[in-house]
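Mind docking chain B on chain A? Use the hints.
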Amino acid sequence: MAKLSASYGRQTLGDRVFDIGNVIFMTLVLIATLYPFLNVLAVSFNDSADTVRGGITIWPREFTLENYKVIFSYGTLVTAFQISVLRTIVGTILSLTACSMVAYTLSRRDFQGRKFISVFLVLTLYVSGGLIPGFLLMKNLGLMNSFWVYVLPGMVNAFYIFMIRSFMDNLPYALQESAKLDGANDFTIFWRVILPLCKPVLATIALFVAVGQWNAWFDTYLYNGSNSSLTTLQFELMKILQSTTSGADQARGSNIVEQMRSVSPDSVKMAITIVTIVPILLVYPFLQRYFVQGMTLGAVKS
Amino acid sequence: METITQPSKPASAKKIKSRRFWKTAVQQRYLYLMSLPFVIWVFVFSYIPIWGWTMAFQKYRPNKTFFEQEWVGFQYFQELLSDDRFYMVLRNTLAMSFLGLLVGFTVPILFAVLINELKGRFFKRSLQTISYLPHFVSWVVVAGIVYKMLSTESGGVNDLLMWLGLIDEPIQFMAKGSWFWGIVTVSDLWKEMGWNSIIFLAAITGIDPEQFEAAKVDGAGRWRQIWHITLPGIRSVIIVLLILSIGNLISIGFEKQMLLSNPIVIDYAEVLDLYALNYGIGLNRFSFGTAVGIFNSFVSIILLFTANGIFKRYSKESVM
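Heads up: the protein sequence lines correspond to chains A and B, in order.
Note that the UniProt record's numbering has the first sequence beginning at 1, numbered continuously upward.
Note that the UniProt record's numbering has the second sequence beginning at 1, numbered continuously upward.
The following block holds chain A by itself, in its conformation from the complex (with noise of 0.2 Å):
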């Protein structure tokens, strides 16, 4: 302790400014990353003939809710919400029992087929067919105009799967051995012995699957585009923002702005965007540390 305020004591003037100095440029950052989401919150939250005087900053001038009940009162919004959120569930459930299975099965030492999978996996990281014979593929599987498309062609993930089997090979064997002489099949063990143990990096996964399936909005473009009840929140949000930017192309435009004349599509905008973003917000702060170390692990083992 009386080291370290010994060299604060030495602080040069130089030091002084520089320390000054980035806290002026962090606040800046901060302020850039934080306006535009406060703006639109106010926006969203704004009486939508007061918005077009303009001049809303980062608080509403005329407080309503009317935004939003316009928004949640069209059904294909509501849809779209619920197909959202319905992926994201699905997709994620999916998505972690199919990796950790396959990841715990790349954990033990003594499978014969390890080596196999593990190099049938990495190949899928560096190489990729591409988009049309993607696409083409999820035709010829019948998978269009189906809301299987958005969970199970990327189910199985190799990169997921790597990151949890680094995370099984640091826990001790000897807990599988004393497992198995209770007699123990495979599958026990790594339901009832490893899966629990596993919980850290499996949260971790979790949201980066959630976080994905959440935003996704081009497989519905691409596959379900023209299915109003497979649509999802993104997706819809994306055709608003299209239909009414300086001339969008048409065909992707939509007629919901205009079935909304009652407020302005500025704040019909704006407050969509705020639905999209707020179930993020509600997780984000808890697990936060979660994704930062899934981040430094996989960047690691990279």
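Source of the hints: derived by calculation from the structure; they are not laboratory data.
Please read these numbers as outputs of a predicted model, since none were measured by experiment.
Treat the hints with care, since some could be wrong.
[To be verified] Facing chain B, a subset of chain A residues (Cβ under 8 Å, in silico):
{"hint": "1", "residue": "101"}
{"hint": "2", "residue": "129"}
{"hint": "3", "residue": "133"}
{"hint": "4", "residue": "153"}
{"hint": "5", "residue": "215"}
{"hint": "6", "residue": "218"}
{"hint": "7", "residue": "284"}
[Stated by the list, open to error] For lysine to aspartate or glutamate, the following EDC-like pairs were computed, each having C-alpha atoms within a straight-line distance of at most 16 Å:
{"hint": "8", "chain 1": "B", "residue 1": "216", "chain 2": "B", "residue 2": "117"}
{"hint": "9", "chain 1": "B", "residue 1": "23", "chain 2": "A", "residue 2": "110"}
{"hint": "10", "chain 1": "B", "residue 1": "119", "chain 2": "A", "residue 2": "219"}
{"hint": "11", "chain 1": "B", "residue 1": "216", "chain 2": "A", "residue 2": "47"}
{"hint": "12", "chain 1": "A", "residue 1": "69", "chain 2": "A", "residue 2": "47"}
{"hint": "13", "chain 1": "A", "residue 1": "199", "chain 2": "A", "residue 2": "169"}
{"hint": "14", "chain 1": "B", "residue 1": "59", "chain 2": "B", "residue 2": "70"}
{"hint": "15", "chain 1": "A", "residue 1": "139", "chain 2": "A", "residue 2": "219"}
{"hint": "16", "chain 1": "B", "residue 1": "176", "chain 2": "B", "residue 2": "267"}
{"hint": "17", "chain 1": "A", "residue 1": "180", "chain 2": "A", "residue 2": "110"}
{"hint": "18", "chain 1": "B", "residue 1": "124", "chain 2": "A", "residue 2": "19"}
{"hint": "19", "chain 1": "B", "residue 1": "119", "chain 2": "A", "residue 2": "19"}
{"hint": "20", "chain 1": "B", "residue 1": "59", "chain 2": "B", "residue 2": "79"}
[Claimed, not checked] Reference listing, derived: stretches of chain B covered by chain A, where coverage requires no fewer than 3 residues with Cβ under 8 Å from a Cβ of chain A:
{"hint": "21", "region": "16-27"}
{"hint": "22", "region": "177-187"}
{"hint": "23", "region": "271-284"}
{"hint": "24", "region": "287-299"}
Where is the CB? At the ideal position from N, CA and C, for every residue including glycine.
Relative to chain A, chain B alone:
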């Protein structure tokens, strides 16, 4: 005699080996049950599309089987190379990639270094938490925010510039092709800067604190500490990530370009993937679209090997 006994010996050894293999396989049946279905899964969703590359060399017709297709050799690649639009698209792809690499790689390093220099723990923590946030927001939302901020009607950026007196009337950011590359680069930076700094920050915390103490005793100021200790300390992390980013240069994705573009700026916004999408799926020219995809992968691999080779030669770091 010998000629008969000789081959029979390895054969019986083989038999024993194969019997032992099947015996273990039965013992490990649960492990097989837990992995093989998913191996088939990967085969279907990741390997079959690679087989689809053959389409680029065929005149692909959707209602015919593989053997009934007409082989055309490199015709689609020739068509690609003689299309003027292709060169424009390639220019856009490379321009946005290089800008992205230049800005999107260096700024997070700087950001990590500066975060590390912050004294207040609370401020540091909050700054990190908030700066990672935009990473988790979808590109759809970010595009919406960018449109809002750059709007001519009470958009944040125009308002600020007007207030500062730098401009007299709002700039139409989204309607000028010359702005587009910059807008994409800055939006990407806004979204990913904090997130991309995580790895560098983790590497910096791994540096031995005694080095900083020693430098302080020798009278080194903050800039000199950064230059002589922090940056050299994370050098290998920087180089490995740089090589990997160069390998990904051309596959920059198309989400941001697709969401931020509009017909006015399309000549600056169209990238290779969008070009493949528009021709391949938009116009049902599947073979041509696949050829674009193959070209894309090919250039990626060349870039990766070149970058790796250069770094291997001039420093000891490499990823392969």
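Taking a Cβ-to-Cβ distance below 8 Å as contact, does the region 287-299 of chain B have at least three residues touching chain A?
-> Holds: 6 residues of the region 287-299 of chain B have a Cβ under 8 Å from chain A.
Would you check whether residue 218/A satisfies its interface hint, that is, whether its CB is within less than 8 Å of any CB in chain B?
-> holds, 7 Å
Evaluation of the interface hint that places residue 153/A against chain B, nearest CB under 8 Å | With a minimum Cβ separation of about 5 Å from chain B (threshold 8 Å), the hint on residue 153/A holds.
Verify the coverage statement for the region 271-284 of chain B against chain A, using a C-beta to C-beta distance below 8 Å and requiring 3 or more qualifying residues.
-> holds (count 5)
Hinted pair residue 199/A and residue 169/A, Cα distance within 16 Å | This hinted pair holds, its Cα atoms lying about 14 Å apart.
Quickly compare the C-alpha distance for residue 119/B and residue 219/A to 16 Å and report which way the hint goes.
-> Violated, at about 45 Å.
Are there at least three residues in the region 177-187 of chain B whose beta carbon sits under 8 Å from a beta carbon of chain A?
-> Coverage by chain A is violated here, the residue count being 0 at a Cβ distance below 8 Å.
Holds or violated: residue 216/B to residue 117/B, with C-alpha atoms at most 16 Å apart | Since the Cα atoms of residue 216/B and residue 117/B sit roughly 14 Å apart, the hinted pair holds (cutoff 16 Å).
Pairwise hint evaluation, residue 70/B against residue 59/B, where the allowed Cα distance is 16 Å at most | With a Cα-Cα distance of about 5 Å, the restraint between residue 59/B and residue 70/B holds, given a limit of 16 Å.
Pairwise hint evaluation, residue 110/A against residue 23/B, where the allowed Cα distance is 16 Å at most = holds, 13 Å
Can the hint on residue 129/A be confirmed by a CB-to-CB distance to chain B that is less than 8 Å?
-> holds, 2 Å
Between residue 216/B and residue 47/A, is the straight-line Cα distance small enough, at 16 Å or below?
-> violated, 57 Å
Hints 10, 11, 22 from the earlier list are contradicted by this structure; the remaining hints agree with it.
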